[in-house]
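Engineer: From first to last, the protein sequence lines stand for chains F and V. Going by my numbering, the first residue of the first sequence is number 1, and it counts up by one from there. Going by my numbering, the first residue of the second sequence is number 310, and it counts up by one from there.
No lab work stands behind these hints, which were simulated from the structure alone.
Simulated restraints, written as ranges between beta carbons of each label pair: (1) 87(F) with 759(V): 28 to 34 Å; (2) 1082(V) with 48(F): 48 to 54 Å; (3) 460(V) with 242(F): 45 to 51 Å; (4) 1175(V) with 35(F): 20 to 26 Å; (5) 130(F) with 886(V): 17 to 23 Å; (6) 370(V) with 260(F): 49 to 55 Å; (7) 1005(V) with 134(F): 53 to 59 Å; (8) 225(F) with 810(V): 28 to 34 Å.
For glycine and all other residues, C-beta sits at the position ideal for the given N, C-alpha and C.
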Amino acid sequence: MLPPRKVVRHFLLFGTVFGSAFGVIGCRPSDEPSSVFLETGAGPGQVVYPRVIEYSASDDTLFVVDRMARIQHLTKAGKCLAAWRMPEFEAGKPVGASLGPDGNLYVADTHYHRVIVYTPTGAEVRRFGSRGTGTGEFIYPTDIAFDAAGLCYVSEYGDNDRIQVFDATGRVVRTIGSAGSAAGQFIRPQSIAIRDGLLYVADSCNHRVQVLTLEGVVVRVFGGSGDGPGEFRFPYGLTFNPAGNLVITEFGNNRVQVIDAATGKNLRTLGHAGHEPGEFAYPWAAACDGRGDLFVLDSGNNRIQSFSP
Amino acid sequence: MPAAYVLGLWIALCAVVVWLAAGSMQGLGPLRKWTAVGLRCLCLLLIVLMIAGVRVTRPSKTVEVIVLKDVSRSTSQVDKFPGASLPTALQTYIEQLATAKPADDRIGVVSFASNAQIDAIPGTTLYTSPPSAKDPGNGTDIAQAIQLGLATFSSDSRRRLVLISDGNENAGDLEAAMDLAAAQKVPIDVIPLEYSNTTGVVLERLNAPLYRKTGEPFGVEVMMRAGVEANRRGRLTLLHEGNIMAQRDVTLQPGLNVERFVVAPMAAAGVHEFKAQFEPFTSGAATPVRPGAVSPAMLAAGSATAFTVLQGGSSVLLVDNVPNDGAQFLVNALAHERIVIPGVNRITPDKLPSEALRLQAYDCIILANVPRGSGGLDAAQDRALASYVHDLGGGLLVVGGEDAFGAGGWQGSELEKVLPLEMEVPARREIPKGALVLAMHSCEMPDGNYWGEQCGIKAIEAIGERDDIGILSYDYRSGGSQWDFPLAQRADGSAAISAVKNMKLGDMPSFQDMLEAALNGRAGHPGLKDSNARQKHIIVISDGDPAGPSEDLMAACRAAKVTLSTVSVYPHDRSDRNLPPTMRKMAESLGGKSYGPIDSNPNQLPQIFIKEATVVRRSLIQEEPKGFAVKQSPTFDEALKGVAAPGALTGYVLTSLRKDGLVDMPLSIGNSNDPLLAIWQAGLGRSACYTSDARNKWGSNWVLSSGFSKFWAQLVRSLAWPATSTDMDIRIDPQGDRAKIVVEALDANQAFNSGLALSATAIGPDGRPHAVRLSQTAPGVYEATMDTGSPGNYIVSVSGPGGGRPAVAGLSVNSSAEFRDTKSNMTRLQTIADRTGGKVMTPYEVPVHAARFFDRTLLPDVSSPLPIADSLFPLLLALLLLDIACRRLAWDAQTPGRMLAKVGAFVRSYTATVPQLEQAQSDQAVATLRTVRGRGGSVSQGPALGTVQPPAATTGAGTAKARFEAAEGTTPADIGAWAGGAASGGDKAGAAKPKSDNPGAMEDQSAVSGLAAAKRRAQERMKGDQP
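Just chain F, same shape as in the assembly:
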């Protein structure tokens, strides 16, 4: 029989070894959400089919827009800091928004064919665009992105699938793409993002992601219809994590893929169809905070699920 001291020593030794092992395993990225928040309803911290999520780095908060046309400014725990409603919503509700370099929230008021700019507290700053297929006009604007020079990119669909680029004065600088399935063409560019001088487009109904220069030259295309790694089915949401990888939210496959932005290779897959934690129903979009925590807008389940990096 081992003396008590040795027993203690062995206990400490094995404890250290196993503890370290479990610690390593525990630190590995988990497919289980670290938190699930928001609930169904019309009150603060409640949502009905939310379709837009945007992370605000300045105050470490989130903006969420739902199908009641409400914009809610939320903490990362889901507490409502402010809320307001779109001026009109009978025809339809917004499906895209982005924070501009001026700190204001640019909302793609999709079914009113315009962009409305709000301060973070909900005061309207200005609006631009109207229905039409001409320059500066929109048919169903879907999302907004800004490049380093401060130019504003607005994607749209409805047989008018293209991306228009506006300067700070609201003048259209250029138009990128057209409706179709060839490279450089889009069918429902539901989400766009800009990083390192490249424009990433979630070409949703072509089930692919297109990477273009800011002038509109196609750099690469990846994806394709399917449910395998690196394949997409209606990729609706597109954002970047701090590591520079793409986070794609798939409306059709009810999952989130982390994709190498340079190669299109799948790095990580989260979720599948369902209503339990870690499962999604109609995920429209996702956002990443500065630490890499991922906030997935689980639209059909009326909630946000957050995942550790």
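Put chain V on the given structure of chain F with help from the hints.
Structural biologist: For chain V alone, coordinates are given in the frame of chain F:
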């Protein structure tokens, strides 16, 4: 489970444990035994609590107030409120209340009229949904609002309802709702919406005779009730079919007033509508108040309507949907036989009245090539026609054509039930089938799932048993369109309808995926491309948001002869002739129709689906240029005797004969003897179907023959209802929300006819017939009551004991129950408050209200029980382990103390400094030596064991130990002390261990012999205890 039961069960189980322990735990000793018993009893307690579903209660901390807001029509009479309108005033008041309440308390809103709905879910911040566009209806159901409010409360708060109402309720069970609130200890505070319409004039009724002959004068009377303070001077107008017939200025007395008009003789037979209107004069003026200046309530209350049916000669109504004025052949034929159909009696399907009452004027109605659904008759017209025949004894003739019978979507209709033919083709007939795919997309419309379901059901009902049906919707789990019902034969339709009812409409992102699935099939189930149907059709219902299909796919559809129609519901984009371009493009590209936009009128959706479903039923139309032979039945109908049957006809619509002995089929057509003419008695009326047409398309030779006119005239005459029954008189007396039906029956000698088993059929404004049982109350007098709560026309028919045309009476209910009360019902509101422990408050005093509503001291505490069975499970597991340890490990009363000492030493060994440790070791070694030395000669027995070898003595301490080596082996307790004291410095302790080839065996031997000795002692002790 009651606590007493739990306690009893636990005590019983504990008794069993104690009894068992007494026999089986003797070897443990009293301490260990009773500890084990105690632990087991605790385990049992936990198990019993878990089974009983033990819960803990948590006291509520917040107050939740739900405001029940009356939005019924009667509240439009309220004239005292702050602000521009009552809805605005109430909304402002509720918002102010939400602002004034404590931050953690919650407020919600339920609005109600004939139905209740949640406007704002209870929350710390008031967030009201956009106002509902739904019609408030003609009722006020306070009971439903209370029940919905109670059901909406959270379980963890103190609760209060606040009722804002005029108290005039006319639906639901308020007594039961008040009892429910009182039982749940939820007080209802009341904010009355007071009004007293003493200044108003209400037209209670316009009385006009239901039947009169043409050319006969008759009178109508207007019954009006004036308020005490009413401006009782005004102008009373009588309108006939919307035109002013008579007008007079009147001065009314407070209370009931009756004004009579004499209607001049009228020559036109049919239904005549009369309407009376009262317009009060402005004070001192001689002209009426402008209509816009009176309240909606007064306008609603200021008119009354009645109908009179003028009978004169034969009256036939022709509903004409025959293309190219083809119905003129039939009109001319009837006119040739003195049955004249004037122009006003020849109408298009949309002009057919949707009330059976208005059809009363016609002896026979002819439907010529009339379809069902969009472009034909809607559901209300369908019901009215069926009631006209079955319940009111009318005659109906249905004449065929390309849009009639099954090809016109009449399968599954109400009318089909009163026809002698069924729309389903005979099983023996081999006809090409059709295939229909319904592509359903969830739309952002109110009750979208309900309407989607209704559309699907109607389309399924409208196609044939052997037609194929498939239902597609977007399934989020698969990320694409999936079959809710794979393309397969409809059969009786129950499986497809069941699939429709279980359908979950998803948010479809693209039509491409849907069209691919419809054409090529999905998940192992084939699509339209592989179908052998002659007609292949797709109906798409959507808001038009999904992305459109590719041109290649639409070309593939065209190649597979697939047609497609679209129905745009609540579309967001209306840029292409008021429809989404994608929807219109798909329909035009694939040879279908594009319907919509459907916005506030979803009632037409099922009609569109019925119409579109008939596209796949074109194969029911049988055409043969050489003509089909017509055969005359030996049992040729009496009414058609002497009439020549048509010769060969080149077309007809395939139907099947109703399997009923009352059905007569005088004419059949074709080699399969398909029905051409069938007649039967349907309820109180008669109906006939002629499956070919009555023009020069399918009967080009026959329309020129001499027998054509006589055939149709005799057929119409045989269907027209017989003379009015004269042996019964019906009267309907309104009594509040109900009406009394009084029937006086006379026999042939004009004496009271008693002992009859009479039953009546009442048809309300919804067009649905209801059977009413009449009870005899006096000789020849029979009575019953019926509900007349909804405004509109009511008609009652009673068939006499001798058959013949039923006696019919009608009643127009002019205003809804909402306007029958001219003042708010404060008594009822006070009762609600009293019964539930609430209070009637003065309106709009926000600070006072907020202080009371959210005062938690006035509300009973509500504790929310939380189940804790899951939390008890780990505790149970721990107790079980302790129980096992208690019995398996040898311990005594000193063990806890020793363990504590060891733990203390262990902790000290890690916390003490090196000098302290060395000092402690030195002190302990010295103490040990003193102990051993003090024992003297008792150590001499030690060497007898002879197996212990002295350790190697390399140090001074080792030399000292060698001198007492024999003692170390004989005193285990001292070994422990020694090992923990002087020799606790490290590996040197190992040097003191006895060397042996098998030390473990020696220890086991020692342990076994010790246990055996203990057992022997225990047995001896037990023997000694026994008497």
